[in-house]
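Take a look at the letters that make up each chain.
2 protein chains.
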Amino acid sequence: MTQRLRGVLAPVVTPFKKDYSPDASRFVRHCKWLLAHGCSGLAAFGTNSEANSLSADERMVLLDQLLEGGVPAAQLMPGTGCSALTDSVRLTAHAVKLGCAGVLMLPPFYYKGVPDEGLFRNFSEVVQRVGDGRLRLYLYHIPPVSQVPITLGLIARLLGAYPQTVAGVKDSSGDWSNTQAMIDAFGKQGFDVFAGSEVFLLRTMRAGGVGCITAGANVNPHGIAKVYADWRSPEAEALQAASDKVRQILQSQVSMIPALKAAIAHYADDREWQTVRPPLVELALEQRAKLVSELFGAGFDMPGIKR
Amino acid sequence: MTQRLRGVLAPVVTPFKKDYSPDASRFVRHCKWLLAHGCSGLAAFGTNSEANSLSADERMVLLDQLLEGGVPAAQLMPGTGCSALTDSVRLTAHAVKLGCAGVLMLPPFYYKGVPDEGLFRNFSEVVQRVGDGRLRLYLYHIPPVSQVPITLGLIARLLGAYPQTVAGVKDSSGDWSNTQAMIDAFGKQGFDVFAGSEVFLLRTMRAGGVGCITAGANVNPHGIAKVYADWRSPEAEALQAASDKVRQILQSQVSMIPALKAAIAHYADDREWQTVRPPLVELALEQRAKLVSELFGAGFDMPGIKR
Chain A
251 MTQRLRGVLA
261 PVVTPFKKDY
271 SPDASRFVRH
281 CKWLLAHGCS
291 GLAAFGTNSE
301 ANSLSADERM
311 VLLDQLLEGG
321 VPAAQLMPGT
331 GCSALTDSVR
341 LTAHAVKLGC
351 AGVLMLPPFY
361 YKGVPDEGLF
371 RNFSEVVQRV
381 GDGRLRLYLY
391 HIPPVSQVPI
401 TLGLIARLLG
411 AYPQTVAGVK
421 DSSGDWSNTQ
431 AMIDAFGKQG
441 FDVFAGSEVF
451 LLRTMRAGGV
461 GCITAGANVN
471 PHGIAKVYAD
481 WRSPEAEALQ
491 AASDKVRQIL
501 QSQVSMIPAL
511 KAAIAHYADD
521 REWQTVRPPL
531 VELALEQRAK
541 LVSELFGAGF
551 DMPGIKR
Chain B
251 MTQRLRGVLA
261 PVVTPFKKDY
271 SPDASRFVRH
281 CKWLLAHGCS
291 GLAAFGTNSE
301 ANSLSADERM
311 VLLDQLLEGG
321 VPAAQLMPGT
331 GCSALTDSVR
341 LTAHAVKLGC
351 AGVLMLPPFY
361 YKGVPDEGLF
371 RNFSEVVQRV
381 GDGRLRLYLY
391 HIPPVSQVPI
401 TLGLIARLLG
411 AYPQTVAGVK
421 DSSGDWSNTQ
431 AMIDAFGKQG
441 FDVFAGSEVF
451 LLRTMRAGGV
461 GCITAGANVN
471 PHGIAKVYAD
481 WRSPEAEALQ
491 AASDKVRQIL
501 QSQVSMIPAL
511 KAAIAHYADD
521 REWQTVRPPL
531 VELALEQRAK
541 LVSELFGAGF
551 DMPGIKR
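Residue numbers (my numbering), protein chains in the order written: chain A, 251 to 557; chain B, 251 to 557.
Think of the hints as simulated: they come from the structure by calculation, not from any bench.
Check before you lean on any hint, since a few could be wrong.
No copy labels: a pair is met if it fits in one copy or bridges any two.
No farther apart than 27 Å at their CA atoms in a straight line, the calculated lysine-lysine pairs in the DSS-like style are these [said to hold, decoys possible]:
{"hint": "1", "residue 1": "LYS282", "residue 2": "LYS438"}
{"hint": "2", "residue 1": "LYS362", "residue 2": "LYS347"}
{"hint": "3", "residue 1": "LYS347", "residue 2": "LYS282"}
{"hint": "4", "residue 1": "LYS540", "residue 2": "LYS347"}
{"hint": "5", "residue 1": "LYS267", "residue 2": "LYS438"}
{"hint": "6", "residue 1": "LYS495", "residue 2": "LYS438"}
{"hint": "7", "residue 1": "LYS540", "residue 2": "LYS438"}
{"hint": "8", "residue 1": "LYS540", "residue 2": "LYS362"}
{"hint": "9", "residue 1": "LYS495", "residue 2": "LYS282"}
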């Protein structure tokens, strides 16, 4: 069994070529840069990866290419939750077969207002059909985007049914009281709670959580990793504040994913990175100027990102 | 070129076996019953078809099976809009190749708050990549579920770019003023506006629309077809009221899709029809009793549905 992932995980942004096809070589390079600069793991194919703009086949091919490129499966927690049960099963089985440390699973997100019983059946079918004791399933709670919440009641039921498999949650509700409630309710049962944004990292660690899985780690892994490494130290608050400052700049742009890619494009001096797949749209020239200027003003850098 | 579809279209409910795999033979049978009892077309793989709980491959196999089973491609408008651009392209190309009269296309629905420019690029990429003059694209506006609207501005831009391809819309906003605005703005340019519910059918026809694509047609195609056939007659209001009564009963149940399937299961005397794929949940015994009792009380029947 692989070790449980903890610390700072990046939902790795997926680079595209001009024709919107995934760019495996840039993807591998960015993953390695992230692991070398503070990330303990990679939640590839998350929301910020534009994973839901990729077909199941595209995701599986890219995951194969990551491993072939030398990214260790033991540091991967790919997103495998789809709208269709059969896709979720296929992606999850593939990830487990490759030896990934875990999978991060969205609930089926097209139908809204579905009962917890239906969500339980969905996750339960995935666990049973994959049928592999190595599966470590992390639930992905992101109601602002999925519009389908993962309630405390659902977690309790899944943990009761699959205590060895259900390993934790990423809470991207943006609501600290919910993260706190998840830790309080399940943290002592070996259920690992990750904050969905680095702004909650210090609070998460102090409350008994295990880290964060956050878009900001694509750009500022080193800054966020310092908060994680030194969360018990007297400098923790200052490190959190420094990390928050970068997050604030990224988040205040017109759209988060294009902003992350624009920042990488700038510091890597590689304009190809700006491309996003529809329905997203890349930042305009003046939006990029504003972003770069704000990051520059904050003294921010991405050391080693330039080839 | 096939003739434009008009009238009453059903987003055909997809039957599943106990193991949640699609049941092609019941599917073909139900499609044929619908066409024999008032439907002029079939919007297979719509919201009420649980299409977004099916993988792209499952949808393509089922479409093949419909045609092999004798359902005419000229009466089919399959749903082909997915969260991933590449899936939408694949499903659309497949439907066009088979000679389907049109496709009903959801916008990519995972990412919320995306700009119209991004949605335009998505649909535009689909049209260009499919690259087939036979494609007739119907936009699917269902903000209560997709949470991603298709605005009048987006329609204008798509119609301007692809006047031969962009053929119409299904408006499932539930907001009559929006349907009216779509008809007023584009109805005279050969853009066919379908109401998303039979409750708007008479108003839609009077305003210059072309019919409805509605969940209720799975159960009450004959009643809704009467409204369509006689919308200019003095009986139109009474026919609309009779159709509304059935819709009201279906819609007042705990959940629409399980209610449609429970009604079919009852009248076809075929309990297999009750199965829904997770995250949906079938009606409980007492919920079925309530539904059947209300339909019975209204004197409703599904003639010829029993084998």
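Verification of the supplied hints:
no. : hint               : in the structure
1   : LYS282 with LYS438 : neither (33 Å within a copy, 56 Å between copies)
2   : LYS362 with LYS347 : neither (31 Å within a copy, 32 Å between copies)
3   : LYS347 with LYS282 : within (22 Å within a copy, 42 Å between copies)
4   : LYS540 with LYS347 : neither (44 Å within a copy, 47 Å between copies)
5   : LYS267 with LYS438 : neither (45 Å within a copy, 40 Å between copies)
6   : LYS495 with LYS438 : neither (32 Å within a copy, 53 Å between copies)
7   : LYS540 with LYS438 : neither (44 Å within a copy, 44 Å between copies)
8   : LYS540 with LYS362 : between (37 Å within a copy, 24 Å between copies)
9   : LYS495 with LYS282 : within (25 Å within a copy, 62 Å between copies)
In summary, the numbered hints that this structure violates are 1, 2, 4, 5, 6 and 7.
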